[in-house]
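One-letter residues, chain by chain:
4 protein chains.
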Amino acid sequence: MSGSSIGLLFRLCNFGESHGAAIGGMVEGCPAGLPLNEADIQVELDRRRPGQSQFTTQRREADHVRILSGVFEGVTTGTPIGLLIENTDQRSRDYEAIRNLFRPGHADYTYLQKYGMRDYRGGGRASARETAVRVAGGAIAKKLLRTGGVEVRGALVAMGEVVIDRNRWDWQQVGQNPFFTPDAQSVPRFEALIEEIRKRGDSVGALLEVEAIGVPAGWGEPVFDRLDADLAKAVMSINAVKGVEIGAGFAAARGYGSGMADEMVPGSDGGVAFTSNHAGGILGGISSGQPIVVRLAVKPTSSIRIPRQTVNVQGEACQVVTEGRHDPCVGIRAVPVAEAMVALTLADHWLRQRSREKMVLTVSSGL
Amino acid sequence: MSGSSIGLLFRLCNFGESHGAAIGGMVEGCPAGLPLNEADIQVELDRRRPGQSQFTTQRREADHVRILSGVFEGVTTGTPIGLLIENTDQRSRDYEAIRNLFRPGHADYTYLQKYGMRDYRGGGRASARETAVRVAGGAIAKKLLRTGGVEVRGALVAMGEVVIDRNRWDWQQVGQNPFFTPDAQSVPRFEALIEEIRKRGDSVGALLEVEAIGVPAGWGEPVFDRLDADLAKAVMSINAVKGVEIGAGFAAARGYGSGMADEMVPGSDGGVAFTSNHAGGILGGISSGQPIVVRLAVKPTSSIRIPRQTVNVQGEACQVVTEGRHDPCVGIRAVPVAEAMVALTLADHWLRQRSREKMVLTVSSGL
Amino acid sequence: MSGSSIGLLFRLCNFGESHGAAIGGMVEGCPAGLPLNEADIQVELDRRRPGQSQFTTQRREADHVRILSGVFEGVTTGTPIGLLIENTDQRSRDYEAIRNLFRPGHADYTYLQKYGMRDYRGGGRASARETAVRVAGGAIAKKLLRTGGVEVRGALVAMGEVVIDRNRWDWQQVGQNPFFTPDAQSVPRFEALIEEIRKRGDSVGALLEVEAIGVPAGWGEPVFDRLDADLAKAVMSINAVKGVEIGAGFAAARGYGSGMADEMVPGSDGGVAFTSNHAGGILGGISSGQPIVVRLAVKPTSSIRIPRQTVNVQGEACQVVTEGRHDPCVGIRAVPVAEAMVALTLADHWLRQRSREKMVLTVSSGL
Amino acid sequence: MSGSSIGLLFRLCNFGESHGAAIGGMVEGCPAGLPLNEADIQVELDRRRPGQSQFTTQRREADHVRILSGVFEGVTTGTPIGLLIENTDQRSRDYEAIRNLFRPGHADYTYLQKYGMRDYRGGGRASARETAVRVAGGAIAKKLLRTGGVEVRGALVAMGEVVIDRNRWDWQQVGQNPFFTPDAQSVPRFEALIEEIRKRGDSVGALLEVEAIGVPAGWGEPVFDRLDADLAKAVMSINAVKGVEIGAGFAAARGYGSGMADEMVPGSDGGVAFTSNHAGGILGGISSGQPIVVRLAVKPTSSIRIPRQTVNVQGEACQVVTEGRHDPCVGIRAVPVAEAMVALTLADHWLRQRSREKMVLTVSSGL
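Protein chains in written order, with our numbering: chain A, 1 to 367; chain B, 1 to 367; chain C, 1 to 367; chain D, 1 to 367.
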């Protein structure tokens with residue numbers, strides 16, 4: 001594999017470059033009988049789509065998705081769901097200027113070293129354009145998960161040094177501002193930051209948080225395919241992500257066992273309840289029934305107007321200034337992408353757990 | 001798969017429980033011709049082995065590894081390398097006390113929910129005992145990587161609130177103290193911390209850093225199987241790890257593009273040089289030739305002597321106190337495990353890159 | 001995975017139904033630098049395309065392929081090659097008659113049992129229509145293999161009881177008749193058989209042979225992923241194939257060791273030569289350097305005009321007569337499909353072998 | 001992967017050489033709660049074990065299996081089941097004579113070409129010794145399948161030109177003669193053939209048949225991972241197998257559609273019944289509920305006492321005579337191995353089907 005597929009049972013295959021004819025892929029393993037149409041996917045694509053607010057890139061892609069297979073009379077058939085998004089705004093001439101040089105922080109240099117050649121138009125395969133396919137696949141995963149009572153939702157919790165106030169967290173707010181922030185009062189502060197960043201031709205990083213609620217206990221595999229390990233891979237595979245943490249995350253490294261253990265008490269439903277969730281919903285790689293909490297760090301885009309020194313393909317020193325249409329904070333549009341990756345991972349582990357659960361064991365577990 | 005194998009071409013399979021007959025596994029895909037004997041593996045196992053200093057668990061396992069196949073006349077044959085470590089110190093009676101309750105922060109509850117039953121002896125499959133097999137596999141990966149000039153090495157850089165001074169970083173020190181710290185002056189501070197923790201029956205988290213030097217540009221696949229994504233999965237799959245970051249990591253979320261871009265200049269060798277390494281050696285998921293830098297957060301072990309409230313398998317409230325032999329800081333012994341996971345991931349991606357590099361392309365790349 | 005991808009390193013993903021919007025997929029893992037355009041693929045698709053002679057189905061599909069990604073300035077980039085073939089002749093109304101019954105020998109019944117629903121139009125996913133995507137992927141595999149001196153070619157060697165004369169085998173003939181037979185004198189005999197079959201509304205089976213020449217010794221993995229095992233899977237996965245054999249195949253079951261051993265003699269090139277090829281070019285699952293020979297049995301299509309008894313979805317007895325446009329011998333058009341599957345398998349094993357060969361071993365092998 | 005693992009969800013990993021320290025492996029993905037002990041596995045190993053009758057090799061291996069993990073208090077835990085069989089009768093000196101030459105029909109030459117070296121003792125990894133691990137894994141698969149009412153059983157149906165009379169087929173007979181023949185009257189004919197073969201130092205091929213009864217409709221995936229395709233791979237991966245067919249198999253190539261279609265009639269249980277089983281229980285790659293029928297051709301072993309010409313590692317012509325302890329008909333002991341491979345494949349597809357069946361679809365299917 002060349003790394004363009006993810007998942008074992010619920011699997012997304014993904015092709016396409018920033019300025020090629022189209023991007024697309026297919027979802028393998030979606031169970032039969034799920035009601036699905038293009039609008040279900042489009043609504044998620046529209047959340048990620050560029051050019052929607054003044055705070056993101058002005059590249060305009062309709063990002064219109066077509067379902068090519070796997071759906072019959074409004075429901076999935078159990079066979080692969082082919083997905084296609086034609087590229088419509090391919091202004092390749094924008095990129096002639098950077099054809100022969102390596103943009104710092106971009107994959108120009110590493111792709112050339114890996115392949116001996118590269119599609120330099122807009123970053124080619126390394127462009128975040130392919131994340132539209134992830135969002136499309138994630139939309140299907142989300143719809144499937146909802147049939148099991150699982151909801152995946154994400155938010156931006158910090159941009160540069162500007163951090164939201166978690167006491168004002170309101171999931172309703174997330175869809176009502178261009179930053180995906182759950183804290184309404186943070187909106188003007190983010191606006192001001194973006195304004196400042198844009199003015200000086202710079203970019204800024206962001207911290208995102210994705211939560212999955214309703215996941216029952218028992219998803220995830222021991223040892224290598226732990227649920228947290230697969231989530232870490234899925235999320236780290238998003239362009240510009242440099243860090244992932246589950247639950248308390250890096251704070252756990254600074255803490256004590258007495259404070260970090262999530263104590264258990266009899267639950268109101270006769271089961272078990274937890275008094276805290278430092279574990280982020282995963283114990284020993286397996287979901288505990290608590291909300292699953294994933295945080296990710298998105299670096300500032302390297303496409304900035306401030307001149308940076310670099311070398312060209314002949315190895316000569318030169319300067320690069322990126323004048324194209326770029327997001328000052330790529331972390332904003334990464335929110336729906338991160339949700340998609342979490343949803344894809346959970347859908348896969350749901351199927352994995354279904355394949356074996358309650359298969360031969362008939363003894364009651366005592367709870 | 002039940003999640004007990006990792007890697008596509010260089011692959012580790014891993015079986016065994018804490019108190020079963022033995023742990024072991026096999027390495028698939030190791031190329032033929034690599035000189036290998038049991039001592040090569042034992043030296044790495046001895047770095048992880050419990051009972052070696054007063055700062056780790058007093059459980060005593062010889063951890064003697066046998067190579068059962070795949071090596072002939074002192075070199076690998078290209079066929080699977082079978083590995084076996086018999087369990088010799090299985091004091092199962094220690095665990096009768098916790099047979100019927102769920103230890104907070106442990107996988108007792110999630111395993112029971114997943115499987116409908118569990119091997120309660122010492123955590124069974126969820127015990128960190130299985131990491132010995134990872135270290136064994138990692139020893140082979142390290143040896144293979146060395147033939148390509150790649151060295152993988154790890155260190156503990158913080159424990160709780162005690163942080164090393166990076167200005168005193170000396171790799172030589174790592175092997176000369178029980179904490180794997182590269183800062184000699186941090187040793188007494190860590191000793192004091194462990195002493196204090198142990199006295200009050202608590203445990204503490206740790207921050208580790210693993211570095212791979214000598215990795216050439218070009219390893220890693222675009223999109224999902226990015227080198228950083230696979231490293232994140234490999235490292236997050238280690239028991240008690242709650243966070244992973246590459247290069248600048250979470251600091252990148254707080255930074256600006258102008259500061260985070262690693263500028264490039266003509267290298268002394270006619271190639272390219274970087275003025276910084278915020279990327280941690282990976283751009284677009286592909287190695288850049290710079291050192292690869294991975295950091296991971298290890299939570300404090302949940303096995304502590306301070307009483308915690310929990311429930312038993314009947315769902316009744318009760319208290320748990322762990323009196324067994326446990327590490328006050330599991331992060332210490334996680335250093336060789338983290339190195340192993342990084343080495344296994346790199347060996348796999350080396351083979352993946354070899355499968356296609358310079359296959360049909362004959363045009364010079366200009367550099 | 002839902003089974004719609006094949007290959008480990010050179011991998012074809014395949015989506016689409018007989019009467020959906022489009023069929024397509026992607027080739028993952030093709031090395032960078034291979035010259036490739038749509039005409040390279042179209043030429044193979046045209047060999048398989050229906051409606052080309054009076055001896056195959058009269059369904060008319062342009063089968064025009066688009067490359068959507070992975071090719072830049074005429075050469076592959078190393079990233080996934082997206083492939084799309086729009087369905088243009090979807091006369092779904094032909095299939096209303098069979099909407100509610102199970103055609104014997106078809107997958108109508110098993111798909112309904114598996115998925116609880118089915119796309120009944122033209123067989124849906126079970127239709128041989130998806131084999132066009134295999135041929136498209138196979139065209140890329142063939143082109144890659146040619147850079148290594150490997151040629152894959154197939155022929156029809158028997159239809160029903162009519163068998164070619166192997167003494168008249170001439171590969172040049174294969175492209176010059178509608179039956180892909182290498183024996184020019186068999187053409188009128190096959191014509192007569194098809195005429196007779198068609199007249200009585202029946203269908204007939206066929207025996208195909210695919211050969212790969214130029215494969216060097218060393219491709220294939222021991223134990224499970226033997227080259228012959230992977231070829232068997234690839235070929236058996238083609239619609240209507242009921243048997244696969246390598247080299248002497250089933251004749252080996254009737255033979256003696258003294259007759260079946262391919263003796264070895266010093267080769268003219270200083271290497272080794274074989275005096276026969278009962279092994280079909282594969283020993284211990286690994287290619288020997290001799291031609292690889294695969295034979296496959298294709299059953300007669302179950303879509304015939306002779307009434308057959310069956311049941312409908314209500315479980316009532318009824319009769320079925322298939323009046324649609326069908327091939328009297330599906331084995332004919334299976335020739336390019338079989339070539340494609342052999343080529344895909346070989347390309348995959350070439351990359352697998354490249355990943356490890358001559359990696360660390362420096363000792364001369366004596367030959 | 002180096003090809004030593006098979007299966008997606010129910011997976012067998014396999015290591016070990018003919019004359020190494022041990023052979024073994026692990027079964028990943030076996031559901032929790034299956035009663036299992038070493039005797040369950042040993043009984044199958046004993047069926048395959050050499051040295052049991054005068055008609056097989058006189059090499060004596062106790063083939064005593066140890067379960068190292070994955071079983072607790074007599075039932076499987078859902079975690080990997082580690083398996084170990086120590087090699088006890090490693091008379092390596094027998095093989096000094098063939099150290100420097102290539103035995104025709106063996107993998108000596110191809111292994112050396114592939115790896116640049118080889119473990120020449122008894123065929124090393126290419127020896128059929130590793131099939132003991134397959135039988136051990138297959139024993140677990142069989143036990144799991146039985147909980148679902150599926151039984152897998154095999155028989156030898158021809159040896160050389162001696163064919164059983166299918167009218168006398170009696171499954172009870174299979175376990176009561178050293179040839180696994182279901183036709184009691186064939187026993188003296190097979191004895192006579194073996195006697196003759198042995199006398200002249202030759203070997204003979206065999207035809208085997210494996211049947212699985214009780215498989216419900218719906219197992220198998222469309223397109224590439226068809227149940228028949230995966231069975232073909234599994235069976236073709238057995239040493240010395242040169243051909244595989246399902247149901248009518250190669251006879252289908254010679255037949256007509258009118259004769260080959262398995263007609264359907266209302267079943268006595270309100271479902272569907274078939275009037276014949278040319279399909280061998282698989283339609284469109286998916287099980288139909290009929291018995292699954294797989295036949296395989298096993299070539300005569302190449303280890304014979306009749307001198308064969310060959311070359312040595314220096315490329316010089318020489319003769320080889322194999323004086324070791326070898327089976328005159330390796331097809332006999334291949335019966336339990338073939339059963340194991342069929343059982344492993346079915347167990348895997350059972351889990352695959354469980355992962356998605358009846359997940360979201362609530363509509364009644366009409367049957």
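None of these hints come from the bench; they were simulated from the model. All of these numbers come straight from a predicted model, not from anything done at the bench. Check the hints yourself; a few may be wrong.
Given that identical chains are not distinguished, each listed pair holds provided it fits within a single copy or across any two copies.
Said to hold, decoys possible - Capping the alpha-carbon separation at 20 Å, the derived lysine to aspartate or glutamate pairs in DMTMM-like fashion look like this: (1) K358 <-> E73; (2) K358 <-> E195; (3) K358 <-> E316; (4) K358 <-> D202; (5) K143 <-> E357; (6) K143 <-> E86; (7) K358 <-> D40; (8) K358 <-> D46; (9) K358 <-> E323; (10) K143 <-> E161; (11) K143 <-> E323; (12) K143 <-> E211; (13) K199 <-> D170; (14) K143 <-> E38; (15) K199 <-> E161; (16) K199 <-> E316; (17) K358 <-> E263; (18) K143 <-> D165; (19) K199 <-> D46.
Now for the hints, and whether the structure bears them out:
no.	hint	result
1	K358 <-> E73	between (33 Å within a copy, 18 Å between copies)
2	K358 <-> E195	neither (56 Å within a copy, 46 Å between copies)
3	K358 <-> E316	neither (64 Å within a copy, 24 Å between copies)
4	K358 <-> D202	neither (55 Å within a copy, 38 Å between copies)
5	K143 <-> E357	between (22 Å within a copy, 17 Å between copies)
6	K143 <-> E86	neither (23 Å within a copy, 27 Å between copies)
7	K358 <-> D40	neither (32 Å within a copy, 22 Å between copies)
8	K358 <-> D46	neither (40 Å within a copy, 32 Å between copies)
9	K358 <-> E323	neither (58 Å within a copy, 34 Å between copies)
10	K143 <-> E161	neither (35 Å within a copy, 43 Å between copies)
11	K143 <-> E323	neither (39 Å within a copy, 40 Å between copies)
12	K143 <-> E211	within (16 Å within a copy, 40 Å between copies)
13	K199 <-> D170	neither (30 Å within a copy, 43 Å between copies)
14	K143 <-> E38	within (12 Å within a copy, 36 Å between copies)
15	K199 <-> E161	within (17 Å within a copy, 39 Å between copies)
16	K199 <-> E316	neither (30 Å within a copy, 61 Å between copies)
17	K358 <-> E263	neither (27 Å within a copy, 37 Å between copies)
18	K143 <-> D165	neither (30 Å within a copy, 49 Å between copies)
19	K199 <-> D46	neither (27 Å within a copy, 57 Å between copies)
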